[in-house]
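Chains A and B supply the protein sequences, listed in that same order. Numbering-wise, this note's numbering puts 3 at position 3 of the first sequence, and it's gapless, one number per residue. Numbering-wise, this note's numbering puts 176 at position 176 of the second sequence, and it's gapless, one number per residue.
No lab work stands behind these hints, which were simulated from the structure alone. It should be emphasised that the depicted structure is a prediction, and the values quoted were computed from it without experimental measurement. Treat the hints loosely; a few may be bogus.
Under the rule of at most 25 angstroms between Cα atoms (straight-line distance), these lysine to any residue pairs were calculated in the SDA-like manner [claimed, not checked]:
#1 B/K4 - A/A18
#2 A/K14 - B/K4
#3 A/K163 - A/P51
#4 B/K4 - A/D11
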Amino acid sequence: MAGSHNINRRDFVKLTSAAVGTVIGAAIGLPAIGYLISPALRAGGKDAWVPIGKLENIPIGEPYAFSFTRTQVNGWERTATSYGGFVIRKAEKPDDIVILSSRCTHLSCQVNWHPDSKSFVCPCHDASFDINGEVLAGPPPKPLDVYTEFKVDEAGQLLIHIKEG
Amino acid sequence: MWKKLYTWLDERLGLNDIYKATLDRPEPRGNWWNTLGSASLFLFVLQGITGIFLSVYYTPSPDHAYDSIQYIMTGVSFGWLIRGIHHWGASLMVLVVFIHMLRVFVTASYKYPRELTWLIGVGLLLVTLFMGFTGYLLPWNQKAFWATTVGTQIAGSVPFIGDFILKVLRGGSALSALTLQRFFAAHIWILPAMLAGLIGVHLFLIIKHGESQFPDKED
Numbered sequence: 001m002a003g004s005h006n007i008n009r010r011d012f013v014k015l016t017s018a019a020v021g022t023v024i025g026a027a028i029g030l031p032a033i034g035y036l037i038s039p040a041l042r043a044g045g046k047d048a049w050v051p052i053g054k055l056e057n058i059p060i061g062e063p064y065a066f067s068f069t070r071t072q073v074n075g076w077e078r079t080a081t082s083y084g085g086f087v088i089r090k091a092e093k094p095d096d097i098v099i100l101s102s103r104c105t106h107l108s109c110q111v112n113w114h115p116d117s118k119s120f121v122c123p124c125h126d127a128s129f130d131i132n133g134e135v136l137a138g139p140p141p142k143p144l145d146v147y148t149e150f151k152v153d154e155a156g157q158l159l160i161h162i163k164e165g
Numbered sequence: 001m002w003k004k005l006y007t008w009l010d011e012r013l014g015l016n017d018i019y020k021a022t023l024d025r026p027e028p029r030g031n032w033w034n035t036l037g038s039a040s041l042f043l044f045v046l047q048g049i050t051g052i053f054l055s056v057y058y059t060p061s062p063d064h065a066y067d068s069i070q071y072i073m074t075g076v077s078f079g080w081l082i083r084g085i086h087h088w089g090a091s092l093m094v095l096v097v098f099i100h101m102l103r104v105f106v107t108a109s110y111k112y113p114r115e116l117t118w119l120i121g122v123g124l125l126l127v128t129l130f131m132g133f134t135g136y137l138l139p140w141n142q143k144a145f146w147a148t149t150v151g152t153q154i155a156g157s158v159p160f161i162g163d164f165i166l167k168v169l170r171g172g173s174a175l176s177a178l179t180l181q182r183f184f185a186a187h188i189w190i191l192p193a194m195l196a197g198l199i200g201v202h203l204f205l206i207i208k209h210g211e212s213q214f215p216d217k218e219d
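Starting from the given sequences, assemble the full structure and let the hints guide the process.
See below:
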């Protein structure tokens, strides 16, 4: 209604039905969308300190394989996720430790330590990594992942810090 | 622009005719009892939509059915709302469909030329009841389990072929994972498909014949 402050009945009805319709649409639509995307909004990122073993039992100079399993509740089911890796002690000092993940950075297969060739070899696509996790050969795009956060507690137990997705 | 697009579509789809036939058709006289059919249709659509939403999380397997519903109720945003609507909508639909049938009976609207509409309506009532029966088992709790035990046992009491019917319903002689799975299939595929088909014919007949005049004092 150009130039007039009055609104005629037809326009008023149109306007109010549009407004009420929007409110009803939002009241139904938003819960519906929330329902569908709900699992994606779960707060993830739980973290934990996981014991690997007594430091005194881990040899120096040779990668020491470890593995552990964490369970997670996804909806109505428990799922177990396996983690694995290698502890490499360079020297006697407790700090001089590198902890590598055994997950190949190519397609997530488990790499194994081959003492003869002094390298980690992935069985899937014949990739190999050196003792520091650097790529020697094969398709992996980057070095093996490193667990940077670790500590040794009073009992001499080595623990690593992990974050779960 | 929109007008042109609409005219283009209308010429090809006959939108105006559809509108006139479905929403602008003449009514004998305004009466709330005549709205029960539309209410049933609305509830069917509502059950369909909430049911599809529930199937996003529900698992028809004995080890997870109960837990998946617990998850819907406590873990999913607005899961309680969706399941609540489906739960209460189911009871309401049986009620509304039944009152709709009573109305048609009382006003004698089932007479010529609407006998087929009535017969299909009886089919719709039966399928709606079967929807209730099959849906009742899906939560896989004690009430569901024993209600289905009793229900299938009743079907099994038919002379001569009763045992066979019971086995067909349960998928074997025991109430098992097979029962849950086939009730689920019936509940979300077979029965809804039957309902949708029958509703289509039911609506076609209503539009074809129009609504019946209510009987007056002379009748």
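Here is what the structure says about each hint:
Our distance criterion of 25 angstroms between C-alpha atoms is met by B/K4 and A/A18, whose separation comes to about 23 angstroms. Annotation: proposed proximity of A/K14 to B/K4 holds, straight-line Cα distance about 22 angstroms (limit 25 angstroms). Straight-line distance between C-alpha atoms of A/K163 and A/P51 comes to about 14 angstroms, which keeps the hinted pair within the 25 angstroms bound. Proximity of B/K4 to A/D11 is assessed by CA-CA distance (about 23 angstroms); at most 25 angstroms being required, the pair is judged to hold.
When the structure is compared with the earlier hints, no violation turns up for any of them.
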